[in-house]
Structures are given as C-alpha cells and as structure tokens.
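Enquirer: Read off the chains here:
2 protein chains.
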Amino acid sequence: MHEVRISTDLRGKNREIAAENRTHLAGHGIVSLNLMSAPGAGKTSLLLRTIPLLAGRHSVGVIEGDIQTTTDAEKVGALGIPVYQIQTGGVCHLDAAMVRSALHELPLDSIKLLFIENVGNLVCPAEFDLGEDARVMLLSVSEGDDKPKKYPLMFRESRLLILNKIDLLPHVSFDIEKARREAREINPKLDIIEISCTTGAGLDRWVAWIEDLVSSIRSG
Amino acid sequence: MHEVRISTDLRGKNREIAAENRTHLAGHGIVSLNLMSAPGAGKTSLLLRTIPLLAGRHSVGVIEGDIQTTTDAEKVGALGIPVYQIQTGGVCHLDAAMVRSALHELPLDSIKLLFIENVGNLVCPAEFDLGEDARVMLLSVSEGDDKPKKYPLMFRESRLLILNKIDLLPHVSFDIEKARREAREINPKLDIIEISCTTGAGLDRWVAWIEDLVSSIRSG
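So the sequence lines, in the order shown, correspond to chains A and B.
Quick note on numbering: the first sequence equals residues 9 to 228 in the working numbering.
Quick note on numbering: the second sequence equals residues 9 to 228 in the working numbering.
Only chain A is shown next, with the shape it has when bound in the complex:
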C-alpha cells in the first residue's frame, strides 16, 4: 500500500517537470523520442544504424540513460553528434528531472531531433513521462511473443512498437502475428514496424515514420 502512495507523489512531481521539459524542447523547435525496451533489445544498435540515415536531413542529439557505464554514449558519440550520458546510479528508469539536467548540458540550438535512450527495463520507464513528443518501444523477437500481455503498460504508452532482430525469426519460437494482434488489443492505435539492425531490413520504414512524426509536429 505505502508503495502506491509514494509512487503517486513521485509521479505528480515528475509530471510537472516533464511539462517544463516539453515547453523547453518546443521552444527550441526540437522533436524528441523516448526509446524504451528490455535490456538488450537493441536500442543502441538502432541509434547507430539510424543516425547516419538521417544525416544531412536532421541535426540529431542523443541522451543516453544507463545505470552505470558510458559505453553507449561513447559508441553514439563516435558518430560526431552531441550526446549526453545520464548515469542513474542504480535507478531503473529515467525521470523528467534527469532529462532536465541533461537538457542544460546539450547544445539545444544545434539539435532538431533528440533521441532519449531509456534504461533497459520493460516496466518502470513506461511510468515516467520525460517530456518527449512520442514513445517508441523495441521488442526483440528473441524475447518471446508473450510480452504484450505480460508487460502491457509499455505497449499502451507507446506510439510505435519496433519488432527488432527479425533476422533471428528462423531460430526462435516467436509468432509475429500473435505479437502484433496482442499488442494492438492493448493499444489499437499502435504503429508496428519490423526491423533487423543486423541486416538493415525495415530501417527505411522506421526512418519514414520519424519523418512523418517530425512533419506532423512541425505543421501542427
């Protein structure tokens, strides 16, 4: 019982800061995406494949969230874009206050598209609004097709579900139609794109999805 009460207090404060972040980002004309998934679903690999595909069209910045280590930030920073690493020091998700601190360290005037890579966790990140424009979740097919029913909140809160590692489909037991159907039962508006960061399959559709999102936010 006490946990629910604490959680409500924290979330109320988080919502306030997230609203400030949203205003701050909009003031700089920045579109932002919050990438969420279980550990090892491929968030960093997706960024490493995506950012070069956007080069010349969007000025990209990245906030990396990890419990500790800076390895992901180093990999992404090697692409020559602004990256800020948040180390949560044990906390299992990013929150809006952490992102606010990161925004003060990034060169916001030279960023138009901001990716926020959350801590690898299929549960807690979904409860914390960061001030992003849209949430994108990755599910790798090696994790199993039962995940929408077992972890519904993240599926409900996301605008796009990326089914990653489809190159592994021949080697794992994963019913892609079941996963799509059960994800849409939870969230009928969910967009779904199948990709492989290894082969590059589907990355064109993901980039087109980003372009559509950016256009709709800038025109709206």
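Fair warning: there could be bad hints in the mix.
What the hints assert, rightly or not - Here are some of the chain B residues that sit facing chain A, going by a computed Cβ distance under 8 angstroms:
| hint | residue |
| --- | --- |
| 1 | Pro-47 |
| 2 | Gly-48 |
| 3 | Thr-79 |
| 4 | Glu-82 |
| 5 | Ala-86 |
| 6 | Gly-98 |
| 7 | Cys-100 |
| 8 | Val-131 |
| 9 | Ser-148 |
| 10 | Glu-151 |
| 11 | Lys-157 |
| 12 | Tyr-159 |
| 13 | Pro-160 |
| 14 | Leu-161 |
Said to hold, decoys possible - Chain B stretches covered by chain A per the calculated footprint, using a threshold of three residues with CB under 8 angstroms from any CB of chain A:
| hint | segment |
| --- | --- |
| 15 | 67-76 |
| 16 | 117-130 |
| 17 | 170-178 |
Claimed, not checked - Each computed SDA-like pair below joins lysine to any residue, with the alpha-carbon atoms no more than 25 angstroms apart:
| hint | chain 1 | residue 1 | chain 2 | residue 2 |
| --- | --- | --- | --- | --- |
| 18 | B | Lys-157 | B | Arg-192 |
| 19 | A | Lys-83 | B | Ile-194 |
| 20 | B | Lys-186 | A | Asp-17 |
| 21 | B | Lys-157 | B | Glu-193 |
Since the hints were made in silico from the structure, they are not lab data.
The beta-carbon is built from N, C-alpha and C at its ideal position, and this holds for glycine as well.
Assemble chain B onto chain A, guided by the hints.
Expert: Relative to the frame of chain A, chain B by itself:
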C-alpha cells in the same frame, strides 16, 4: 534524493520480512531459489525443462511472479506440481511481503525445493531479498555481452549465472569469454553455466548445481 530515502525505508522493512520467510522456509526444510533475469531470458522455459529432470528426487513447488497474467503459472502447473501466482499489479519486482503471502497459500509440507520466478527485470529484483537460499540469474546470449558492466547489481547478488540460449550463438554477436570475464570481475565467486533450453545442452550441469546446493544446505 527523496527516492533514495524512500528506498531505504522500504528495504529495511523488506529485510525484516525476508528474514521471517527464511525462518519459515527452513522450518519446513525447504531449499529456495530466486530466479531473476530480463524479460524473455528464459526463466519459465528453464523451469519447464528442469522440473521433469528433478522428478522423483525432489518435491518441487513454484511461485510465479508477474505484473499481470497467469500464463506462466498455468504452464508450470501443468507439470502437476504446486504453483502459486503472484500478480504484482504493476510493481516491477517481487518483494518479501508478496512471497510471505504466497507461502501461506502453498502446501509447504509437501515441498522440499521451491523456485521463485521473479518479474522479468534486470534491475529492481536484485534489490529485494525474498528470504531465498540462493539467487540465480539468467542472461540470454541474444541480450548482448555488455550486460554485466551495465547491470552489475544483479551479477553481484547472484550465486549462479546461467548463460541461456547458447544455441543462438552462431546468429548473434556475443563474446562468451568477455561476458564470463566481466561477470567475474563484478563477482569473483559467481558460478557460471552455459545452457540451451531449446537443445537441452548444459541442463545436466544445472541440475547437478542444484543437487550440490541442496546437499550443502541440508548438511550445513
């Protein structure tokens, strides 16, 4: 800051209840294992393979932890053993109070080996003692070999690391020696066993590990 304070309070109370659980289980001569991993690493599949291998030697019971759904409990219960499903209702880990409630629902006099399958999460479950005798974590090779450094607490808190899905090694980028080395840098005493629930490789060593643990606890 406030989060650390809350967390300390909760953990103090959790430790007390975990100690009660430990006494309660020992009083019934039950050896218990807390299985932890990221979502989809194969905890349920491991139980489904392991329990038949233990038949006739150990009376097994299972506590299944999930945020919602009862699918895992139904799969395991089909093996004809006592199973209790904890639905956390959004909470991202099991805690000692949840396990205490489950212990009151299970036929403890007919159980000698209790598996507690935690919520799929590589972070939070490691912070909560449930009263178990040993913690076992699974890491599937499809999650990537960077996980020990990125999620050190669970590696530090576990007695055994099971590297699962080794049948996928030819299809993923995973340096098994690096994973072993970096896990042991965090926890020099960590036992490590490589298995595949698909092919059955390594399951004999996992069963032998359980037998050794049970013997050492019963003789100690």
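Enquirer: Checking each numbered hint in turn, tell me which of them this model violates, lowest number first.
Expert: 4, 5, 20
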